[in-house]
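Novice: Taken in sequence, the protein lines are chains A and B. Residue numbers for the first sequence follow my numbering, so the first one is 1 and each next one is one higher. Residue numbers for the second sequence follow my numbering, so the first one is 1 and each next one is one higher.
Just so you know, these hints were derived from the structure itself, not from any lab. Since we're looking at a predicted model, the values are computed, not measured. Be careful, since some hints might not be right.
Just so you know, same-sequence chains aren't split out, so a pair can sit in one copy or run between any two.
[As the list claims (entries may be wrong)] Computed list of lysine-lysine pairs in BS3-like fashion (alpha-carbon distance at most 25 Å, straight line):
1) 73 with 333
2) 333 with 12
3) 109 with 333
4) 97 with 109
5) 333 with 191
6) 224 with 109
Protein chains: 2
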Amino acid sequence: MSYVRELAQRAKDASRILANLSTDVKNRALNAMASLIEEKAELIKRENEKDLKAGEEAGLSKALLDRLLLNDKRIGAMAVGLREIAALPDPVGEVVKMWKRPNGLMIGKMRVPLGVVGIIYESRPNVTADATGLCIKSGNAVLLRGGSEAINSNRVIVDILKEACAQAGVPEDAVSFIDTTERSAVLEMLKLDELIDIVIPRGGEGLIRFVAENARMPVVYHYKGVCHTYVDKYADLGMAERICYNAKVQRPGVCNAMETMLVHKDVASEFLPAMCERFKEAGVELRGCEKTRALVPWVKEATEDDWYEEYLDLILAVKVVDSFEEAVNHINKYGSHHSDAIVTENYERGMRFLREVDSAAVYVNASTRFTDGFEFGLGAEMGISTQKLHVRGPMGLEDLTCCKYVILGCGHIRE
Amino acid sequence: MSYVRELAQRAKDASRILANLSTDVKNRALNAMASLIEEKAELIKRENEKDLKAGEEAGLSKALLDRLLLNDKRIGAMAVGLREIAALPDPVGEVVKMWKRPNGLMIGKMRVPLGVVGIIYESRPNVTADATGLCIKSGNAVLLRGGSEAINSNRVIVDILKEACAQAGVPEDAVSFIDTTERSAVLEMLKLDELIDIVIPRGGEGLIRFVAENARMPVVYHYKGVCHTYVDKYADLGMAERICYNAKVQRPGVCNAMETMLVHKDVASEFLPAMCERFKEAGVELRGCEKTRALVPWVKEATEDDWYEEYLDLILAVKVVDSFEEAVNHINKYGSHHSDAIVTENYERGMRFLREVDSAAVYVNASTRFTDGFEFGLGAEMGISTQKLHVRGPMGLEDLTCCKYVILGCGHIRE
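Same shape as in the complex, but just chain A (with noise of 0.2 Å):
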């Protein structure tokens, strides 16, 4: 056998223990965890080191470095994480719904875990604690690959979380490293869909793009968030403009910021020209349509292509458009299904647009940003799905599990 399939088999072996596990179980091993990465964070650090050297030799860019880093706050950070995770309900063994057949059958959805969890991720080594507590809290056993420029750092935590794992009697096959460079092993994880249950890539548009093409399991992901704010003619302008500089300000580099702002041309001349000065004095480069420009002509003048655009950055498509149907029609043609909202004090539209937007999270007269796990009241998320079946949007613990049916009977047969 080989090592990679030895050790996700090893991993099903484990997850079918864990799918029985007590809550109280679970939550020891999430809170021996927490403690050990505190008691041994100067282990961590001199691991993480090995790899900042080895990137820095490599030529690795500063923005990669830092992601890499773990610092005492990050590393303080993660055990917060898991002990927040521990704390959360345990959603498995809820009966979800259960309902009585006129023959007196009671039919009932439970949830259970999933399985085996398999997450390839970049460079961040926090997200082995973080993947690794959800996992476990939801019953399922994970299998991960991080990255080769981690690989130090996400073996001490791993063996770091092995050893919590045995500590509160959980098996140490819950939590399985890929212990290896070669890309090769990354292929090979993707065809064991009888052992693997899922993956969850989590990284660049190049990864994610492989693994979903090569992916013989079920893949939750999303490639990207190109977020819209509507300001339509029925707007409250003052609330649109704390909105979409909310939206596009706050923080430009994560996937639920906004990256076209589309405006209702009834109200472009009063709104976007102070909207504009606003942008601009935050540093935001603006790219408008022909009539944003005929209202602000400083704009830059934005091609086609950066209606399909994720900036990640203080850079914002501008549109004015013409009705609302234009402004659903250019959400669900140009966006990611992301996170799009409408500002407007119109009862209709805003029901409408709820209804007629394609995106995983649609709002009326709120930011964007409010998508994540711990926004929504989920308590944490495993990443954010774009894609339709299973999740949509932020994926949280429940989310981990999946619901089989269990049906009561007293000795019923079919006729």
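Position chain B against the provided structure of chain A, taking the given hints into account.
Specialist: The following block gives chain B in isolation, referenced to the frame of chain A:
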């Protein structure tokens, strides 16, 4: 643009309109489909005759020719099925949950259609109408790819369904049919993940594996049903006999029929001889473990392969187990995670079986034959999933939708 891509693009465009149609309009389309199918029964039979003739010439088996056949009864059943789907509640637009965050944001989950559903199926032309009915009712466009042996039947049915759409004001592209027997069309379809949201293969294991391995979009399927009934030491043996007999004999050719019977050693000598005798009278061939054969010597010897086998016939594998745990482990190892039952009067064992058996449908004291959309009260089903993501077990109307987040604010911005 290729033929298949153009069809898929038009289906995608139609799906945007379908997603926002009222329930009334969708029901009108389904009822018009039913009426037109009845009206044009003679035309359908004439086209079906062509397929039957070609099938005979090509030397199709009797069973396959029977599956291909459309007679008055089967045509009537298609119409009835469509009217039944029209009578079901519309899942689209349901807000399944809504909660308030501490900051006042209201966050809810709203059911919306998946978009474009691809169906790849073999021989049975009635699937054309059934699948279309479920997709339209749930607001999805459907892209059908039937088997070449049924192409004349499928083509005429699709023409009728499209005519009904036009009558009801539903876009005709809501129902699309890949009208070619070229095998490459399937492969092309499976690559169009930006246009087709989900693919459901219905047919033999070969077809399903091909689709699962080549599709870039999510696939919902089940390979096979290796279903078990475990007769516990605390079983009511009279009930156990009735349940096991029903699970094996009532309709052996379907995926929820029992293929392996497990019996606890403490009740084997009391239970097995009479049970086996009853199976024998029903013409069931028994293949048993050594302990079974020690009690009932005329039973044939089972090999390791028998435990994996989906007979779909009057054949049953029988095994005596030493413990509850052995039964659960056997089911999780050899089964296909479809439908499995325990017969027991012991409360704790019943509850443990529900939790520990990793199958789509887990039963206490009932026949596995109930795994079915109608029997579960879902009204109808698109198929049965033995996968874990999105849907496990019978796939009903609700499972042809997904939930998006809808967020209602009043000027909320993120701090």
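Novice: So, for every hint listed, does it hold in this structure?
Specialist: Hint check:
In this assembly of identical chains, the alpha carbons of residue 73 and residue 333 never lie at most 25 Å apart, being 42 Å within a copy and 45 Å across copies at closest. Within a single copy, residue 333 and residue 12 get their C-alpha atoms only as close as 41 Å, which misses the 25 Å cut-off; across copies the closest is 11 Å, which meets it. For the identical chains of this complex, residue 109 and residue 333 are inter-copy neighbours only, at 23 Å across copies versus 36 Å inside a copy, given an alpha-carbon limit of 25 Å. Taking the closest pair of Cα atoms, residue 97 and residue 109 come within 25 Å of each other both inside a single copy (6 Å) and across two copies (16 Å).
Taking the shortest Cα distances, residue 333 and residue 191 sit within 25 Å of each other only across copies (20 Å), while inside one copy they are farther apart (33 Å). Only between protomers do residue 224 and residue 109 lie at most 25 Å apart by alpha-carbon distance; the minimum there is 21 Å, versus 33 Å within a single protomer.
When held up to the earlier numbered hints, the structure conflicts with hint 1 and nothing else.
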